[in-house]
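Those sequence lines, one after another, are chains A and B. Last residue of the first sequence: number 258 in numbering that gives the first Met the number 0, and the count goes up by one each step with no gaps. Last residue of the second sequence: number 300 in numbering that gives the first Met the number 0, and the count goes up by one each step with no gaps.
Because the hints were derived from the structure by calculation, they are not lab data. Accuracy of the hints is not assured; some may be wrong.
[Unchecked claim] Taking lysine to any residue pairs in the SDA-like style, the calculated list, with each CA pair at most 20 Å apart, reads:
(1) K257(A) x P75(B)
(2) K94(A) x D173(A)
(3) K58(B) x K66(A)
(4) K58(B) x K222(A)
(5) K71(A) x Q79(B)
(6) K222(A) x R31(B)
(7) K229(A) x K58(B)
(8) K222(A) x D87(B)
(9) K86(B) x G41(A)
(10) K222(A) x L59(B)
(11) K66(A) x G199(B)
(12) K25(A) x P75(B)
(13) K115(B) x E103(B)
(14) K58(B) x K257(A)
(15) K86(B) x K58(B)
(16) K58(B) x I90(A)
(17) K58(B) x N4(A)
(18) K229(A) x L59(B)
(19) K115(B) x K58(B)
(20) K86(B) x S223(A)
(21) K222(A) x K86(B)
(22) K58(B) x D43(A)
(23) K222(A) x E32(B)
(24) K66(A) x Y264(B)
(25) K86(B) x L225(A)
(26) K290(B) x E197(B)
(27) K229(A) x Y264(B)
(28) K190(B) x L1(A)
(29) K58(B) x R84(A)
(30) K229(A) x R266(B)
(31) K222(A) x E103(B)
These numbers were taken from a predicted model, which means no experiment stands behind them.
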Amino acid sequence: MLPLNATILQINEESPLVRTFFFDLKFETMEPGQFVMVWVRGLDEVPMGLSSKNSITVQKVGEATSKLFELKEGDSFGLRGPFGRGFTLPIKGEKTLVVAGGVGAAPLAPYAEAARIEGSEVHTVLGARSADDLIFEERFAEAGEVYISTDDGSKGTKGFVTDVLSNLDLSSYDKIAVCGPEIMMASVFRLLEDREVLEKSEFSLHRYFKCGIGVCGACCIDKSGLRVCKDGPVFSGLQLLDSELGKYMRDASGQRVKI
Amino acid sequence: MYSLTGLKLKNPTILAAGVLGTTGASLCRVAREGRAGAVVTKSIGPTPKTGHSNPSMVKLDCGFLNAMGLPNPSYPGFLQELETAKKDSGVPVIASIFGGTPAEFKEVAEGLLPGKPDAFELNVSCPHAEGYGAAIGSNPCLVEAVTAAVKDVVNVPVWVKLTPNVSDITCIGNAAESGGADAVVAINTLKGMAIDIESGYPILGNRSGGLSGKAVKPVAVKCVYDLYSALEIPVIGVGGISSWQDAVEMMMAGASAVQIGSAVYDRLDIFSEISTSIEAFLQRKGYSDVKKLIGLAHEMV
Chain A
0 MLPLNATILQ INEESPLVRT FFFDLKFETM EPGQFVMVWV RGLDEVPMGL
50 SSKNSITVQK VGEATSKLFE LKEGDSFGLR GPFGRGFTLP IKGEKTLVVA
100 GGVGAAPLAP YAEAARIEGS EVHTVLGARS ADDLIFEERF AEAGEVYIST
150 DDGSKGTKGF VTDVLSNLDL SSYDKIAVCG PEIMMASVFR LLEDREVLEK
200 SEFSLHRYFK CGIGVCGACC IDKSGLRVCK DGPVFSGLQL LDSELGKYMR
250 DASGQRVKI
Chain B
0 MYSLTGLKLK NPTILAAGVL GTTGASLCRV AREGRAGAVV TKSIGPTPKT
50 GHSNPSMVKL DCGFLNAMGL PNPSYPGFLQ ELETAKKDSG VPVIASIFGG
100 TPAEFKEVAE GLLPGKPDAF ELNVSCPHAE GYGAAIGSNP CLVEAVTAAV
150 KDVVNVPVWV KLTPNVSDIT CIGNAAESGG ADAVVAINTL KGMAIDIESG
200 YPILGNRSGG LSGKAVKPVA VKCVYDLYSA LEIPVIGVGG ISSWQDAVEM
250 MMAGASAVQI GSAVYDRLDI FSEISTSIEA FLQRKGYSDV KKLIGLAHEM
300 V
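So that you can see chain A by itself, here it is in the shape it has in the complex (with noise of 0.2 Å):
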């Protein structure tokens, strides 16, 4: 496909640095975990998962991302998607529990949603550096209950996201998703390792994308070759087993950069 031409209908500003754009198309297939391609014409091309049917939800961490932040309501930028393997819904009577830290809140947020009106018990485990950086906490909070976790204890458990896991019954979950920085992710995966429930989990991975759409190969990872972009961004626990996850990534030439 070639990018659909999306205007932007309203700009929510959820943090210092992240921002919700709301725009006038609307992915109605849309799996919570799916991602769309954001092209901010003239500059550069960027993967973001949706965070509903008709928003991404973004940080301002580069060039391509800042250029965003300066459009406004009316502007438009070219969108392909939405693209890839979102996470796996509860069915009804599961509890599913949603690990979210940063922006990694915003494809979850839809998922959290989702997974409710499937009939599961959603409960969410929300990080952030500080209160100012938490992201959708009262979608969460409509989807079921939230324990909250921030680096400077200015709001709910001082500390990270696996400082709340640990004092939660994780073999009482029937799903288990998570998306936030790699660190964090790899903090939650060897967690969940050593609790035995890495087969109810899955994580969504981010990784430097060319095309978007399993041709190119930038974005496969080791050691399975499993690329991002098509057979991810969301992956089972345990096909993340003896990956790079936490270890490194590569950058746009392809070379590995630690993390």
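Mind docking chain B on chain A? Use the hints.
Chain B alone, transformed into the frame defined by chain A:
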């Protein structure tokens, strides 16, 4: 087993350069799960390159447009990937290389030799990287010099991948043969472009790029047909192959084997599907050997 420039292939379908070839693990997956008969790496050059900005590839109704811009970690950075592919893929691994001069080609080939590639494929055909690829591949003297320079320092087969963006591809094919090439690979992508009519911006980050997929197949068939007539060395056919019928057609035009690129978009096991179906076709038609297909169209007059 199937022999191609001395390499032993389980089947005549090969992963094309620039597709799923950035990492050793990915090449292994294409070989093991996809059952490709051989795999060609991403094109590797003398220094790390990040490539063009995105969008770098878009799907069209008739194929794909791409302008990756030869992103690669350079030969020292790629050695460990090549070693992984060699160790675990179980199939011949062909190193695709590029450079701006015969000396650079030589440097990259020598630099990758410790990874023990089964053959080299010289990229003198990328249509959208200034000073590289087709900039060399449209000049017969440079093609001959580059081929000879690499042949001089390696003792494995050297394939030369040709661009269709020239007035006479057989002239370039002859130059590769004169330089000592063991095979030519035809074709790389055709120059192409797409424009976003909402904004007027060219869609690719590089503004224009190369067309692959279904749309280019008839062009590739004609190029392979002409090269088969003009050259003594084998021609490897590539361009728009996404079914066993496409592969058989390319072989009848003169291809000794086929490469598959964009079609991995649909499915990774396209290689096993095509090779199994070719076998079934041979049986149905009563051909004793896949070799009977190669260049068949030339006999039908």
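Verification of the hints:
no.	hint	result
1	K257(A) x P75(B)	holds (17 Å)
2	K94(A) x D173(A)	holds (5 Å)
3	K58(B) x K66(A)	violated (25 Å)
4	K58(B) x K222(A)	violated (28 Å)
5	K71(A) x Q79(B)	violated (46 Å)
6	K222(A) x R31(B)	holds (13 Å)
7	K229(A) x K58(B)	holds (14 Å)
8	K222(A) x D87(B)	holds (11 Å)
9	K86(B) x G41(A)	violated (42 Å)
10	K222(A) x L59(B)	violated (32 Å)
11	K66(A) x G199(B)	holds (19 Å)
12	K25(A) x P75(B)	violated (46 Å)
13	K115(B) x E103(B)	holds (19 Å)
14	K58(B) x K257(A)	violated (33 Å)
15	K86(B) x K58(B)	violated (34 Å)
16	K58(B) x I90(A)	violated (35 Å)
17	K58(B) x N4(A)	holds (16 Å)
18	K229(A) x L59(B)	holds (18 Å)
19	K115(B) x K58(B)	violated (35 Å)
20	K86(B) x S223(A)	holds (14 Å)
21	K222(A) x K86(B)	holds (13 Å)
22	K58(B) x D43(A)	holds (17 Å)
23	K222(A) x E32(B)	holds (14 Å)
24	K66(A) x Y264(B)	violated (31 Å)
25	K86(B) x L225(A)	holds (18 Å)
26	K290(B) x E197(B)	violated (51 Å)
27	K229(A) x Y264(B)	holds (9 Å)
28	K190(B) x L1(A)	holds (18 Å)
29	K58(B) x R84(A)	holds (19 Å)
30	K229(A) x R266(B)	holds (11 Å)
31	K222(A) x E103(B)	violated (31 Å)
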